[in-house]
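Trainee: Chains A and B supply the protein sequences, listed in that same order. So that you can map any letter, position 54 of the first sequence is 54 in our numbering, and since no number is skipped, the others follow by simple counting. So that you can map any letter, position 423 of the second sequence is 848 in our numbering, and since no number is skipped, the others follow by simple counting.
Some hints here could point you the wrong way.
Taking beta-carbon pairs under 8 Å as the criterion, some of the chain B residues facing chain A (in silico) [what the hints assert, rightly or not]:
no., residue
1, R674
2, V851
3, M855
4, R982
5, G992
6, R999
7, K1006
8, R1010
Hints are computed from structural coordinates only; laboratory data are not their basis. Quick reminder that beta carbons are idealized off the backbone N, C-alpha and C, glycines included.
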Amino acid sequence: MPAAPSPRQRAAEAPGPPVGSRAAEAPDPHAARGAGEAPAPGVYVHVPFCAHRCGYCNFAVDVGADAGLRRRYTDGVLAHLAAVAEAGPRALAPQTHHGGEAPGPGWPVLGSVFVGGGTPTLLDPGDLARLLTGLVEALPLAADAEVTVEANPETVDEASLATLAAAGCTRVSIGAQAFEPATLAFLDRRHDPEAPARAAADARRAGLASVSLDLIYGVPGQTPEQWEAGLDAALEAGVDHLSCYALTLERNTPYARAVALDGVPAPDDDVAAARMAAAGQRLRRAGLRRYEVSNWARPGHESAHNRMYWRGGDYLALGAAAHGHWQGRRWWNLRPTQRYLARVEAGQAPTGGQEILDEATRRAERLLLGLRTAEGVARAEVTPIDEEAAAALVAGGLLADDGAVLRVTEAGWALADGLAVRLLP
Amino acid sequence: MSYPLDRIRNFAIIAHIDHGKSTLADRMLQRTGLVEPRTFRDQYLDRMDLERERGITIKAQAVRMPFTGADGQDYLLNLIDTPGHVDFAYEVSRAMNACEGAILLVDAAQGMQAQTIANLYVAIEAGLEVIPVLNKIDLPAARPDEIAAEIASLLGGDPDDILAVSAKTGEGVEAVLERIVERVPAPATRDDGFTRALIFDSIYDSYRGVITYVRVVDGELRPRQEIRLAATGFHNEIDELAVLSPEPRPVDRLGPGEVGFFTAAIKEVDQARVGDTVTGHADPAPDPLPGYREPTPMVFSGLYPVDSEDFPDLRDALDRLRLNDASFTFEPESSAALGFGFRCGFLGLLHMEIISERLDREYDIPLVTTAPNVGYEVDLEERTRRPGEDATIRVSNPADLPDPSRIAEIREPVVDAMIITPSAYVGTVMQLCEQRRGSLDSMDYITEERVELRYALPLAEIVFDFFDRLKSGTRGYASLDYEPSGLTVADLVRVDILLNGEPVDAFSAIVHREKAYEYGKAMVARLKELIPRQMFDVPVQAAIGAKIIARETIKARRKDVLAKCYGGDVTRKRKLLEKQKEGKRKMKAVGAVEIPQEAFVAALSVGQD
C-alpha cells in the first residue's frame, strides 16, 4: 500500500502562488504585520465529543457518543470536506461581493488547520489521522502549515500522538487547566495533576514541533500562590505556548445554576485581573511573549491559526457547530451532531445560519479582534473610530496610537473589550 | 327645583387622610337617595384614578343633595369637597369660604391629626359652624370617649354632644344630616344688585374647556349670561350651567347660596383661578370677594426627559397639564449633565409627586427629576453687580446661585409648622426639629397624651424627608402641617459635586454652612456606590467654591475583556459589544465619566438620608 503523501508533498504539487510564501518572511512579532494584509486562510474542524461535560463549559459538546458514532462522524466530516473542496471558494463568499478580490475558482494555499472540540482526541487516533490526511489530500496546504489538535491529557499517549504527527499534525494544545486537585475538582476536570506534564513530554517524544497548554485562572478557592505554582508547573513541562483563560460564568451551565441557586461563588473580575497580571509577569520572565489577551508563546511558536482569526482571516468550517468566515460572510454549521450528520450524509450543506458583514460591521470586528493582539490593528482598517475616546484612552495609558496602528498597552490588556466599545464610532 | 335661601346648607368635611371623609360622603349620597347602591362606586367623589389610588382628594368638587328634615321641610344640602393636603392649603381655604359649616370628622381610634387641626383653624377663621363627628366607632381600637374629650378641649363644648358614626355601616349618618340642617347657618346675601360668585375649583375638560365650580354669593348666574372674572379679566358668555347631584344636571339659574358649575369656553384653568370672583361683564361688582391670591410655587425641581428626544413631548405635556393645574410653573432650562429640561415650581412635595406621576402615567415620558429645592432671594454685593442686573435676584435652581464673593445676603423661605404627637415622642420630635434648624415657638398639651408643637422651620429642611423621619420616629403617630411664613436670612452655601474634577450641575445643592460637610460626605459616598466603575479612577468630590470638603474615589474597572475569542466567538462577541455600545449611548457622559441614567435617578431621588 503506497504511503499517504506528506502534507509538504501535497502542497508542493498544488498550483497557485509559491507555497509558504508568508511563512518565508522573518517572524517579527513586534511589527504590526498582518494589519491590512490578508493572512493565509485556515480550516477549523470541530469534534463535539466529550467524556463528560465540565460544569463551566457551554461549548457544543456531545457526551457519551459510542465508538460507532465517532467513526460515523469522522466519515461525515470527510464527506463534508469533499463537498466543500469540490464546490470551491466561490461557494463560500457572500453572493454580492464587496471590496477585496473576488474569489477565483481555485483554492488559495491554506496556512493552518485546527481540530478543536469537544475533545478531538476522543476519536480513535486512526480516525483523527484519517481526518488530517483527508484534509491534506483535498485542499492545498502550505508546506509549513500549522496543524493543531486539541487534546485532553488523559486521552493521549506517545503512540497516539505519534500517529497524529505522522498524519501531519504539528502542534498539540493540551487542556491542563490547573495543577492542583482542588481546582481541577471545581472545574470538573478528571485527569490527575501530573497528566498534563506527561502529555507534554509524550508530545515532544512523538515529534510534535509545538506544544501548548491551557490554564484557567480566577477559579474560586484558588490562591495566588497556587496560580503561580501552576504557571511554574506549565513552564517546567517545557511547553512552547500557554493559553491562560479567566474562568467565565457562561449562561445555561451547571456552574451558572450553582452560582444562582447554591451560593457557589462567581468569578471575581478584580481577582481575575490580579491573576492575569501575575501571569503576565511570570511568563515574561520565563521568556514567553504575550501576543494576545490570553495567549503567550516562545518566539516563533505563536499559533498561526488563532492569529489568523484575530487578523480577520478566512477559514473553512467542518464539523457540527463549526463557524466559518470567508471574505465578509460568516456562517455556522448545525449544532446537533445528528442533524449535522444527516445533512452531510445526504450530500446537503449542513449550514445552520449565516450573516453577511457590511463594511461597518467588518470594521467593528477588526477593531475588537485587533485590540486583543500585541500587533494591534491598523487605523486604516477601522477608521472611523471615536477619536475623542481614543485620545482619552491614550492619555489614560490604556491605548497606544502611533498614527498608523492602535494597540493596547500593558495596562490595557485586561480592558481590551472596554476599549473596543469606546472606540466604536 | 329652586330653594329659598333659608333651606340651603353649604358644608365641607374636614378630615385626615383615611379618617373616612369619602366614605361618609358616599353614605350621605346613598341616604339622600341620589345614588343607587348598585351603581355605587366606592368614594364616588374622588374622580381621578390617581386620587383613588392614593386615597386622597386633590381636587375639590361639590355635590347637591335634597334632604327632607325631621321637621318635614325640604332642604338642599351642598357638600363641597376639599383637598386633603397641606400643599393645597389655599384651595382648602377657598372651598371653606364657599361654606357656612364644616363637619370635623375624626377617626375614633386615631384622634385629631395636625392637618385636621390646621384645616379646623381655617374653618374657624372663615367663620364656619363646626360640627364634630367621631367616625369608625365600630372599630375595636376605637376610643370614642377619649377622642371626644380631646375634641372638646380644642373646640370647647360638651363631649357628650359629639356625634358618633360608622361611615362604613351607615350608622349615625342620618343624625349628621339632621345636625347640619339644625346648626349650619343658611347662606346670607348682600342683595346690592351685583353678581358675585366664588370660584372654589376649576377643572380642565378636553371637550368642554374649563369647568368652573362656583358658589354664588350675591346675584345669580344664568346660561348665556355675559360674565367676567375679576382677577384675570377673562370674559365670555356662560355656555352650560349645571349642578352635580351627583351626575351633572343642567339648571337655568344659580341663585344666592347655591353651588354648581359652568363652562364658558375657557381654554385653561389659569384663566379661571381658584379664589377669583365671577361677576357680570356689563356691570362688574366694584368690590370682588376677598381673599384671592396668586398661586406661588414653594418647591422647585428640574424635570428632564431621560431620552433627550422627548424634550418637545415634555414641553407639550407640561403645557397640557398646566391647562388643568394653574398652580405649577415651568420654564426651560439646560443642564450640562442632563441636557434640556424644565425648572418646575410646585406648591409642595405632594404636588410635585402628583405632577411627575401624571407625566409618567398620562404622557408616558420617563423623567429624571432633580432633588427638590426651595426658592431663594439673593442680595448681590453692590460692587459686583453687572449692568442691568437687579440688586436682588431670585434663585430657583441651586446651580444658578452666584459665586460666594458676589453674595451679600441669602434669604430662604421658612414655615410655621405644627406637629401633633403622642407625648411619649416629644423628645424625638424636638430632636428632629432641632437637627433641621427649627426653633420652638410653642408647646401645648392638648390632652395628657397629645402634644401640639409649633416650630419655625426652614422650608428647605422639610422638603426632603422630614415627614418620613417624623413618621418613623413616632411609629407613625405624629402628624404635620405647615404654612409659609416668609423669608429669613440664613448662612447658606452651595455644595457642588465634582466627578473627575468637573462639576455636575444637577447635583449642586444649597445647604446650611454647618451641614455642608455632612451633606457633601453623604453625597459623594452615595455616588461612589451608584456610579459603575470606569476605565480610570474617578475622584468624586464635594466642594464649596474652590474648597474640597469631601472626597471618594471610584476605583477603575480592572478587567473588561472576554477570555476567549476564536473563530466561533466573533459574531456573539461583536453583538455583545454592539449592545454595550448601545447602552453607552444611553448614558449621560459627564466629562469622561459615563453615568447610567438609573444612577442619576437614584442619586437624585433616594438621597437625603
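Trainee: Restraint: R999 of chain B near chain A, CB-CB cut 8 Å. Satisfied or not?
Mentor: At about 6 Å, which falls below the 8 Å cut-off, the nearest Cβ of chain A leaves the hint on R999 of chain B intact, so it holds.
Trainee: Should the interface hint for G992 of chain B be scored as holding, given a Cβ-Cβ cut-off of 8 Å against chain A?
Mentor: holds, 5 Å
Trainee: Per the CB criterion, is R1010 of chain B less than 8 Å away from chain A?
Mentor: violated, 10 Å
Trainee: At a threshold of 8 Å, is the proposed contact between M855 of chain B and chain A supported by beta-carbon distances?
Mentor: violated, 46 Å
Trainee: Please verify that hint: R982 of chain B, Cβ, nearest Cβ of chain A, below 8 Å or not.
Mentor: Constraint on R982 of chain B satisfied, holds at 7 Å.
Trainee: Less than 8 Å between beta-carbons is the criterion; does V851 of chain B satisfy it with respect to chain A?
Mentor: At about 47 Å, which exceeds the 8 Å cut-off, the nearest Cβ of chain A leaves the hint on V851 of chain B violated.
Trainee: Do the numbers back the hint for K1006 of chain B, that is, is its least Cβ distance to chain A under 8 Å?
Mentor: It holds, given that the least Cβ distance between K1006 of chain B and chain A is near 5 Å, below 8 Å.
Trainee: For the hint on R674 of chain B, just tell me whether its beta-carbon gets within less than 8 Å of chain A.
Mentor: violated, 62 Å
Checked against the numbered hints above, the structure violates hints 1, 2, 3, 8; every other hint is satisfied.
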